[in-house]
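Same order as they appear, the protein sequences are chains A and B.
Using the numbering used here, you'd call the opening residue of the first sequence number 11 and step up by one each time.
Using the numbering used here, you'd call the opening residue of the second sequence number 2 and step up by one each time.
It should be emphasised that the hints constitute simulated quantities derived from the structure, not laboratory data.
Please note that the accuracy of each hint is not assured.
Restraint-style ranges between C-beta atoms, simulated for each label pair [claimed, not checked]:
(1) Ala361(B) to Leu122(A): 32 to 42 Å
(2) Gln20(A) to Lys160(B): 11 to 21 Å
(3) Arg235(B) to Gln20(A): 35 to 45 Å
It should be emphasised that the depicted structure is a prediction, and the values quoted were computed from it without experimental measurement.
C-beta: ideal position from N, C-alpha, C; glycine also.
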Amino acid sequence: MAGVTYKTRQLRRRYIERSFATIAVAGAIFWLAINFIKSPTQFFEVTFTGLSNGILYALIALGYTLVYGIIELINFAHGDLFMLGGLFSAHFITLWFGQRLPSAVGWGVLALCLIAVMVFCATINVGIERFAYRRLRRAPKLAPLITAVGMSFILQFVGLRWNGSGQKTWPSLLPNGHFSIFGVKLPYTTIISFAVTIPVLLALTYIVTQTKQGKAMRATAQDQDASRLMGINVDRTISFTFGLGGALAGAAGLLFEQTRGLTSYNLGFQLGLIAFTAAVMGGIGNLQGAVLGAIIIGLIQGLNDGLPIGLGQQWSNTVVFSILILLMVFKPTGLLGKPTLEKV
Amino acid sequence: MTIISRLSRKQSTPKKRKAPASQRTWSIGFLTMAVVIYIFYTYIVPHTPDGFQSQIQTWFPPSALNEALVWVIAALGLNIVVGYAGLLDLGFVAFWAIGGYTAGWFMSGFFNQWNIHFGSESAKVIPGIHLSFWIVLLLGALICAFFGILIGAPTLRLKSDYLAIVTLGFGEIIPQIFVNGENIRGFNLSNGTKGISPVDSIGIFGKRLGPFDLNYKYMIFVFMAAFMVFISLRLRSGRLGRAWLAIREDELAASMMGIPLMKTKLSAYAVGAISGGLAGVAYATHVNGIFAERFQFSISIILLAMVVLGGMGNVWGVMVGALLIAWVNSTGLPALGNEINSTFHTNINFPSYTFLIFGALLILMMLFRREGILPESRLKMILHETDESDDNEEPHDFISEEEAL
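Given only the sequences and the hints, what does the whole structure look like? Please build it.
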């Protein structure tokens, strides 16, 4: 008897979830259609902005998902690492190299800065792992989580010291114009951020799926003890993963600083949360999922902020986090994630 | 054999239930502490030389004491959620905000389209909803409990870290609603960033307390803190509290033992939220207004730091942690900074180091003393249980095995 009621309850639950999801998707399509009819040009422009935001979020979200995948820790400090990356690039380009306008030298400095900022952020992230998280690897989950929150505060403090308490604007080395296709304006900056992000993502995929180090990462994520028995240096693999995540955050920091031209010490917290939402949306621990989730979140945010009929920018966070909560309730595994069985 | 004989002996002599001696001790200790502080501020300080009085004003002003008590109330609530039930809540500021706005709605002239007075000592001619402070406390607690269940109910299926993120999201959404709530389809919910001010003064025994009646407010806040301590201690030793501890230690095992997970976790959320609401109402009367931009993520983190520093799960530890951090935050750090700056002729802005201090505090506590200043014995064992299991040198505890037999 009890089994039957349990089964019917499960079925009813699934039915409610399905119908709810259908209604939500239908509502979203309806909203998009209305906006599209109202002003198609703006619709496409906003979509493009959303995509470029999304690809930036993807870089940050990958860092979350890599770290979560390997040691099941939500690295709260990751967003702040991105913020520091932005600050570092701003100082590197504008103050140390004195580049303020787009030029041939500027491109060289940008390329140099990309490498420098990736190394910078990777070093910080590895350092954080070495100093704090490694000692807590066997501790109950609450401990590393609280440590990560503390780390985030310390990085914000560094940002506060470095940047000051307000927002700072910086000159951009990227060309400022845009070209039009059928009246839709596509800024160059967006195209450049695609041009940087996509090779980085491809390189990451190559590292994780094709190299020996990537194999070690996947093995460690599956079972640390077993991979240790197979001769994998687990500590080094985890450090490598943190380094990889940090490098991605650094690249994202440079891109953000150059496309938006601003830095602020509390930027990392906001963007980090959004990126984390993206990682959860795609199924945390899943690389393709993180990119997919980030693009979806970027699109939703872009559309909500920019469309004529929408809640507008001041509700941006509310929209993103409501989606996160709904997702957690109805599909905690995310879009591409596999259901996890709890080990007893 | 011994077990059986012990069991039968227990059954044969049923004891009459009585409050344990420790509970009388704490209430007497708490009361003495509160009264000593009260007498010190009311009767002793005014008769001391001026130099000493100004020292007290810079280092331990009475208003800072009241604010610290508000933090104690909220931290005790978070302790129930994090310390007892082991559910990490990173959005506690949401309940604080909801409690604050409850005070703003029901005890100020904010809704001036209505004119409702009940039990309030404010003049009857002022428009707005003016309820008595005590009714608003109750309302704030109820509304927060409702929201606690609302956010808890759908999310408690999640694993711990996911839960933390959902609460965090909730803690971001609620303040944003209040910040943007100036014009929701023409309805002014929260007066936006301008905030709601002033809030009615507390009425007590037909007397109206002005904003500077710190002594009375001190007594009220002490009473509220004592209420929270009472709730925490009584619940902990009761059936519900033991269920919380069991869930904290091993959720799966607890559910196998027949503990209803959902109900138990939800009640932890609700009780925690209630105290958040109480703290929100108290804070609104303390600062005499509600300002949307104050409800930031850092409040959630400061509360968490209080609980962690003091000792998760131990009421007294949390109280010490809350008083200490609240004091450092409000007066301790600026006063210390001024002292150091004037002594060494430096110019360091000490309050700007709060981020560093809280971050470092959380990390160092987690690395070196996970159980806090005043640890709770059970939690201490759990927090260190899996620490060294990597080293393959499990100490064989023969004594305990013998005892078990």
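Okay, the hints, checked on the actual structure:
1. Ala361(B) to Leu122(A): 32 to 42 Å: holds (34 Å)
2. Gln20(A) to Lys160(B): 11 to 21 Å: holds (20 Å)
3. Arg235(B) to Gln20(A): 35 to 45 Å: Once the Cβ atoms are compared, 38 Å apart, the range 35 to 45 Å for Gln20(A) and Arg235(B) holds.
In this structure, every one of the numbered hints holds.
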